[in-house]
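Residue numbers (numbering that gives the first Met the number 0), protein chains in the order written: chain C, 0 to 483; chain A, 0 to 93; chain X, 0 to 482.
Keep in mind that the hints were calculated from the coordinates and are not lab data. Honestly, I wouldn't trust all of these hints.
[What the hints assert, rightly or not] Straight-line C-alpha distance at most 25 Å; calculated PhoX-like pairs for lysine-lysine:
#  : chain 1 : residue 1 : chain 2 : residue 2
1  : C       : Lys-63    : C       : Lys-273
2  : X       : Lys-294   : X       : Lys-76
3  : X       : Lys-346   : X       : Lys-371
4  : X       : Lys-445   : A       : Lys-88
5  : C       : Lys-273   : C       : Lys-256
6  : X       : Lys-392   : X       : Lys-346
7  : C       : Lys-63    : C       : Lys-38
8  : X       : Lys-175   : X       : Lys-218
9  : C       : Lys-376   : C       : Lys-387
10 : A       : Lys-91    : X       : Lys-130
11 : X       : Lys-130   : X       : Lys-114
12 : X       : Lys-294   : X       : Lys-17
13 : X       : Lys-76    : C       : Lys-376
14 : X       : Lys-287   : C       : Lys-376
15 : C       : Lys-253   : C       : Lys-13
16 : X       : Lys-80    : X       : Lys-114
17 : A       : Lys-17    : X       : Lys-80
18 : C       : Lys-376   : X       : Lys-80
19 : C       : Lys-224   : C       : Lys-453
20 : X       : Lys-474   : X       : Lys-382
21 : X       : Lys-209   : X       : Lys-189
22 : A       : Lys-88    : A       : Lys-17
23 : X       : Lys-218   : A       : Lys-91
24 : X       : Lys-130   : A       : Lys-88
25 : X       : Lys-346   : X       : Lys-388
26 : A       : Lys-91    : X       : Lys-80
27 : X       : Lys-297   : X       : Lys-388
28 : C       : Lys-453   : C       : Lys-376
29 : X       : Lys-406   : A       : Lys-91
30 : X       : Lys-395   : X       : Lys-287
Values in this document were obtained by computation on a predicted structure and should not be read as measured data.
Here are the chains, one letter per residue:
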Amino acid sequence: MELYELTLHELQDKLQKKETSSEEITRSVFSRINQVEDKVKSFITVIDKETVLKKARESDESGKFTGVTGIPYGLKDLFCTRGVLTTCASNMLANYIPTHSSTAVSKLEEQKGIMVGKLNMDEFAMGSSTETSAFFPTRNPWDLDRMPGGSSGGSAAAVRADEVIFSLGSDTGGSIRQPASFCGVVGLKPTYGRVSRSGVVAFASSLDQVGVFSKDVEDCAIVLKTISGYDPLDSTSVNIEVPDYTTYLDGDIKGMKIGYPREYFEQGVTEDIKQAVFKALKKFEELGAIVEEVSLPHSEYALPAYYLIAPAEASTNMAKFDGVRFGYRNISADNVIDMFCNSRSDSFGDEVKRRIMLGTYALSSGYYDAYYLKALKVRRLIANDFDKVFKDFDIIISPTTPNTAFKIGQQDDPLALYMNDILTVPVNMAGLPGMSIPCGFSNGLPIGMQLIGKPFAEGSILKAAYAFEQNTDYHKVKPDLGVK
Amino acid sequence: MALTIQEVEHVALLARLKLDDDEKELFAAQLSSILDYANRLNELSTEDVEPLVHILPIYNVFREDEVQPGTPREEILSNAPLLEDNQYKVPKII
Amino acid sequence: MAQEFETVIGLEVHAELKTATKIFCSCSTAFGSEPNTQVCPICSGFPGTLPVLNKKVVELAIRTGLALHSEIPEFCKFDRKNYFYPDLAKAYQISQYDLPICKGGYLDIEVNGSKKRIGINRAHMEEDAGKLVHQGDITTTPFSLVDLNRSGIPLLEIVSEPDMSSAAEARTYLEKLRAILLFAGVSDCKMQEGSLRCDANVSVKPVGQKELGTRTEIKNLNSFRALERAIEYEAKRHTCLLEDGDGDKIIQETRTWDEEKQETRSMRSKEEANDYRYFPDPDLPPLKIKQEWIKEIKNSMPELPEIAEERLVKDCGLPEYDASIITMTPESLAFFDGCVKSYSDAKTISNWIMGDLTRLLNQNNIELTDCKITPDSLVSMLKMIDDGKISGKMAKDIFEDMFNTGKNPEVIVKEKGMVQISDEQTLVPILEDIIANNPRAVEDYKSGKKKAMGAMVGQVMKATKGQANPALVNKLLQQLLGR
Ligand SMILES: [Mg+2]
Ligand SMILES: [Zn+2]
């Protein structure tokens, strides 16, 4: 077995026992990137190998291994990284080099984690397939003709292709859980407010949350602990103590109450996926959990509400890209309005333009009440649905997506593509922690199961996910990228 | 509901986007179908529902009034497309 | 048939709050630094940055609200105001839309002896934009430069009701508001530095008509004089149009005051009307303001001008007019208070402050805080007048010397040998001399022309280089001339 194939906790174990070094692990990861990156295309930027190895040696020299110390990872390319190109997969930021790092990244750096590169994504996180990247689409490691999901598609594909040991992504309407599901890895979106958003380029501020991609649940718990916590730079990060999430990983879920929402098994979910998730629920029952059907009656309204709220916020978050202080500028314009319009139109892709237009419309005078305000009210109803169920249940389980990964270029109707997020969006609307773990395959493509928890109860979903993982082998199956 | 080309043009100007004629037609059609979908929300009566803006029940998040050094000028200006006299240079306003 | 018109004025005042740091980041607010040296990624609107609210801003806003008799609602929030402009870093301004920190309120003004209460509609917190520097004129310059030092400076926008009906009232309102902001310690209110800015909404309607006329908003009023003149100009413009039956030519628009041409000018471009698309800022949790906090702020509130004015009238016996002038700034009140504690003639003190002191400060463009005359030195001088050591006329010269050099009056008098001649033995020979040499004046005086006396006193003062005690000279002359 190559080092790059191992999980974070296996590698950390070896590091602590001095059986390997961060330098060796890093070399191994680089050799893997060399092997498969041409096929998978996860990275927008791979950091210069010598620079990374130097960092790895520094962490070796520190002699103290804990959490992510010495472990190579990748970042969705919307995490600002001081001195390192941060593009958001957009021509707008094709040359943008931040002067500050995001808080989540600083926390990984404090523990001397090893950042090897910046990962592909849908442009400014707007998309569900990583096809809206201005640069190139990323391929699904299970089938290179298929997309990896999105918007954090590069982060999911890189972990599944063993190009990094773990990665960070962001999730506004499913952008971690959906690609995790399509690529067959663990993906967790924490409670809104759990991880600082400072330094993460915003898509929709009230929905965005930073999260983790990993090879298994234990790794996820370790990384989540590292990046969580209150940050004075983010007023919406919450000052609640961060538990050691690994203490939840005891496999004991006897008496845990699991609800599965009936509405999440309608909505065009494929038969294979339904079967896989029901089978998983059986497994939970076998393990001693109490599994019951529940109802989240406003589920079907989450998506239309989301596609008003998220674009509305995005339309103003994206306004700062005006060609004045950073980013692309069309220099031919001889007046400021043309400069704004041309700079933005030249460098934003269609999906970004579409959402800016949609959001601008939803907020504009005469439509605010009918669209934006209405959506905020529906958001309340959706959050209330969850509150009600969580009075009696510990966690909620559903499919992560209604289908498995699409072929690249298959979808050109934006609305049809938005439907992909139908099972993940409600979780963002309610600000809850949500997670996707592998629970089966359909025609050789992974199926994801979504676990949803109460606010700040990431421990509960990690606990359930771990118990499931310990009693199944889905997470151990890896795609054959035809290189060995 | 169908968005007119004029509405698309108005929104594009508000959003400072320049669209060609094909884009205007495409967006008019696509935005119309998304808004049609959004109109489903009207199936719900929300008269007495409080809009949900901030999901977290937190208030009064403050910072103390203590100065910290800003970012060095060369650094903060290093990403600027066009500069003069250490200021961002922009074409005429009117 | 000649119709009477009346003007309706409301003011929007932006006061820069006196904090060390900006409203949403820790950059300094110091004035006058090199361009783009007090900036960070947050106030420069860089991707990934988030605002964090400065607590002091909220405190100062509440303090202002209390001073203006406003309601401080239990709940308020921040909203984004969206528009593109090169000096607006994020292309939205964080402001407050429907739930501001201060609701309602009033302040009382007095113009030409009549008192009036001007309503305050609201006051809200917001961030300032950066500064756009044009080479030459904004309409002709091929490019402009953006300095973001100001970007994110905390502002309180105070919106009055349209309760004013003349330029004089508007000016008085702004003066009074400025005094309140200064006393409450919430703003420096330096109009030249832009820490107090004022926009005026002006409309004109036939007397007695209920609904308001079409209003225009005048921007760029950076002095009291500009405010007055611009309102006068604009009101006249509206009135003329209405009188000519061209009322429809008054369009609701923003106009700017051209200081050089002394006229208002339309700022409309062919651009679409603005649609600011206000909505709650998701990056900033709302505020819940508890009564205890308000109480705490109330208890630490400095003396406000209204209260001080009352004190000067009641306790010191100052005329209301004097009291209102002295209480225009905390500095002049402190100066007065410094004098009155060791000198009981309050009116004399206020005369000196409102007269010579103000004149010298204005002539030399000096703030009272930088003035070399202290309350103690003024009181010393006043006592020397009372003791007959110097004349009032001499005092004026001495005072100017004190102003320029900061020396004590005693020192100046000694250095210049400016001692008042108050003994009869020295004066009588001089007077006799003058009587002898001015038979005509003596005759005039005796025939009842009182004016003649003044001419002779003048001659005495001339002969003594102004050192003769004028009261004594008068008395002696009368004696010598036999009444
Ligand atoms: Mg304002
Ligand atoms: Zn700053």
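Hint check:
| no. | hint | result |
| --- | --- | --- |
| 1 | C/Lys-63 with C/Lys-273 | 46 Å, violated |
| 2 | X/Lys-294 with X/Lys-76 | 21 Å, holds |
| 3 | X/Lys-346 with X/Lys-371 | 22 Å, holds |
| 4 | X/Lys-445 with A/Lys-88 | 83 Å, violated |
| 5 | C/Lys-273 with C/Lys-256 | 20 Å, holds |
| 6 | X/Lys-392 with X/Lys-346 | 18 Å, holds |
| 7 | C/Lys-63 with C/Lys-38 | 36 Å, violated |
| 8 | X/Lys-175 with X/Lys-218 | 20 Å, holds |
| 9 | C/Lys-376 with C/Lys-387 | 17 Å, holds |
| 10 | A/Lys-91 with X/Lys-130 | 14 Å, holds |
| 11 | X/Lys-130 with X/Lys-114 | 39 Å, violated |
| 12 | X/Lys-294 with X/Lys-17 | 21 Å, holds |
| 13 | X/Lys-76 with C/Lys-376 | 18 Å, holds |
| 14 | X/Lys-287 with C/Lys-376 | 21 Å, holds |
| 15 | C/Lys-253 with C/Lys-13 | 32 Å, violated |
| 16 | X/Lys-80 with X/Lys-114 | 37 Å, violated |
| 17 | A/Lys-17 with X/Lys-80 | 22 Å, holds |
| 18 | C/Lys-376 with X/Lys-80 | 21 Å, holds |
| 19 | C/Lys-224 with C/Lys-453 | 17 Å, holds |
| 20 | X/Lys-474 with X/Lys-382 | 22 Å, holds |
| 21 | X/Lys-209 with X/Lys-189 | 37 Å, violated |
| 22 | A/Lys-88 with A/Lys-17 | 22 Å, holds |
| 23 | X/Lys-218 with A/Lys-91 | 20 Å, holds |
| 24 | X/Lys-130 with A/Lys-88 | 12 Å, holds |
| 25 | X/Lys-346 with X/Lys-388 | 21 Å, holds |
| 26 | A/Lys-91 with X/Lys-80 | 23 Å, holds |
| 27 | X/Lys-297 with X/Lys-388 | 48 Å, violated |
| 28 | C/Lys-453 with C/Lys-376 | 21 Å, holds |
| 29 | X/Lys-406 with A/Lys-91 | 54 Å, violated |
| 30 | X/Lys-395 with X/Lys-287 | 57 Å, violated |
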